[in-house]
Amino acid sequence: MRGPAVVFDNVSLQLGGTSVLDRVSFRIESGALHCLVGPNGGGKTSVVRALLGQMPHSGSIRFEGDVAKPVGYVPQLLDFDRNVPMTVNDVMALLGQRRPAFLGSARAARAAHAEALERTGVAGLGGKPFGSLSGGQRQRVLLAQAISPMPRLLILDEPTAGIDEPGIRLVETLVAELHGRGVTILWINHDLEQVRRIAQSVTGINRSVLFDGPPDQVACQLETGR
Amino acid sequence: MNALYDSIRSYLQALAASGTLPQPFEYEFVINALLCALVIGPLLGVLGSMVMIKRMAFFSQSVGNAAMTGVAIGVLIGESYTSPYLSMFGFCMLFALTLKYTQHRTTLSNDTLIGVFLSISLAVGASLLLFVSAKINTHVMESVLFGSILAVDHTDMNVLLGVTAVCAVLGLPLYNGMLLASLNPSLAHARGVRVRTVEYVFVILVTLVTVACLKIIGAVLVEALLLIPAAAARNVNRSLPGLVALAVLIATFSCVVGILVPMQFHIPVPTGGAIVIVAALVFVFTTVIRATASRFKGASV
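Listed in order, the protein sequences are those of chains P and H. Note that our numbering has the first sequence beginning at 1, numbered continuously upward. Note that our numbering has the second sequence beginning at 227, numbered continuously upward.
Keep in mind that the hints were calculated from the coordinates and are not lab data. In this text, a Cβ means the ideal position worked out from N, Cα and C, and glycines have one as well. Each hint should be verified, as a subset may be incorrect.
Okay, the calculated beta carbon distance ranges per label pair [what the hints assert, rightly or not]:
#1 P/69 <-> H/334: 32 to 38 angstroms
#2 P/69 <-> H/353: 51 to 57 angstroms
#3 H/320 <-> P/81: 37 to 43 angstroms
#4 H/341 <-> P/190: 38 to 44 angstroms
#5 H/345 <-> P/60: 31 to 37 angstroms
#6 H/308 <-> P/115: 53 to 59 angstroms
#7 P/60 <-> H/308: 53 to 59 angstroms
#8 H/380 <-> P/58: 35 to 41 angstroms
#9 P/110 <-> H/338: 38 to 44 angstroms
#10 H/511 <-> P/106: 30 to 36 angstroms
Straight line, CA to CA, 35 angstroms or less: simulated DSBU-like cross-link-like pairs of lysine-lysine [said to hold, decoys possible]:
#11 H/326 <-> H/280
#12 H/280 <-> P/69
#13 P/128 <-> P/69
#14 P/69 <-> H/326
#15 H/326 <-> H/361
#16 H/280 <-> P/128
Please construct the entire structure, taking both the sequences and the accompanying hints into account.
Here is the structure:
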């Protein structure tokens, strides 16, 4: 079953009197791997927060086609408190089950969490404190929680920032696999080379939409626009 | 419920009379306080670990101090000065929800805003106490501020049980969401958590528990028992189940020992003070373990 199409229609967002997004309109096709590029402070993360329902905005964001849930989301690494007294298994339990995480996980949930961690290459780290992991390892754990349970819509906020080459390849392989299964993917990305390599469509954004189209054209537009 | 309390009391008093249990168990008020302690320990252990992780220690402190103002208002409007629950719940809830509402609508940092609210609450409380002190014995206010097992009656026990039931029904299903909402709101939204709603629910739970524990521990010290067991457990734990389990154990142990030891050895200290001192000693003990045990050396988490 394919993921939903996502339509941003005239989305505007103001924070403290400052315009963060100005009449942003673009469409992510059902099952597409869509990249969002643009300069720092251009509003990419605000687009994601508006999509998640975290930020009140004008205009509309709607899903078309199949149901959007579950939504997988990989936040930026810096947005996660390192000092939380939790192991990797606790983080997975907190995110992936209804039972209070301090009561542990049921056997089925434990198996699902272990499988997700194995797929992202951190199978042996379940008992380690989350905050003691390296940046790359933590990013892989955050990726693991996003694919357990299998999402219909996957949102990635710079998941390869600060991780090594094998980690980047693993993320790309995993994303390609999910894309092959019909998951709709929105990926905030700064690496234009990677965007050209993996994306089906790209939107460039700097408060408003700069361009929207296939990656081979728009990446050039972004580079010439700099 | 009263029949249940009576039967438990009769049984324990019979054991004390036969010498099986220590002498303090012969007193009705000690058994009342211990029954409360067995409920308060797990309640504060679970909630306290969440308060610590969510970095809301200062918030719970301010709610505890607001209870003092609530008591003063209760006495002024004619509530029973031994159990002014309506005023305490009412004022603390108003205080906590207004504070949370303002937090969402200002750019001030949390500690600044809580400091402002705490100061306002204390100023109002101190002004009202001037009028109240003429109406009641100052020992009554002392027992509100620092706790007194002599004052615990069936109403207090029923209130505590009721609050515990509300916490279990509301808090357990929302536990993961409440924690996730403070760790990463975007991730919480992606998982379908109503972030704003669970934040208000958490504030309501902290307020209910704070007020329900006042009789035993006291308005000034209830926050300490919310925080110290969790902090002590954090010293020697790096997993969430371990942290919560140990915090529950330490909180229950502190309550039971803090009630029994002063009675057994005739030490004239308020219950709340004794309980918090026991918890603080456990905290010192776990800090020493943390500083000396090889498995924690050099660990940043």
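May I ask which of the numbered hints given earlier this structure violates, with the numbers listed in increasing order? Going through the list in order, the structure violates hints 3, 5, 8 and respects the others.
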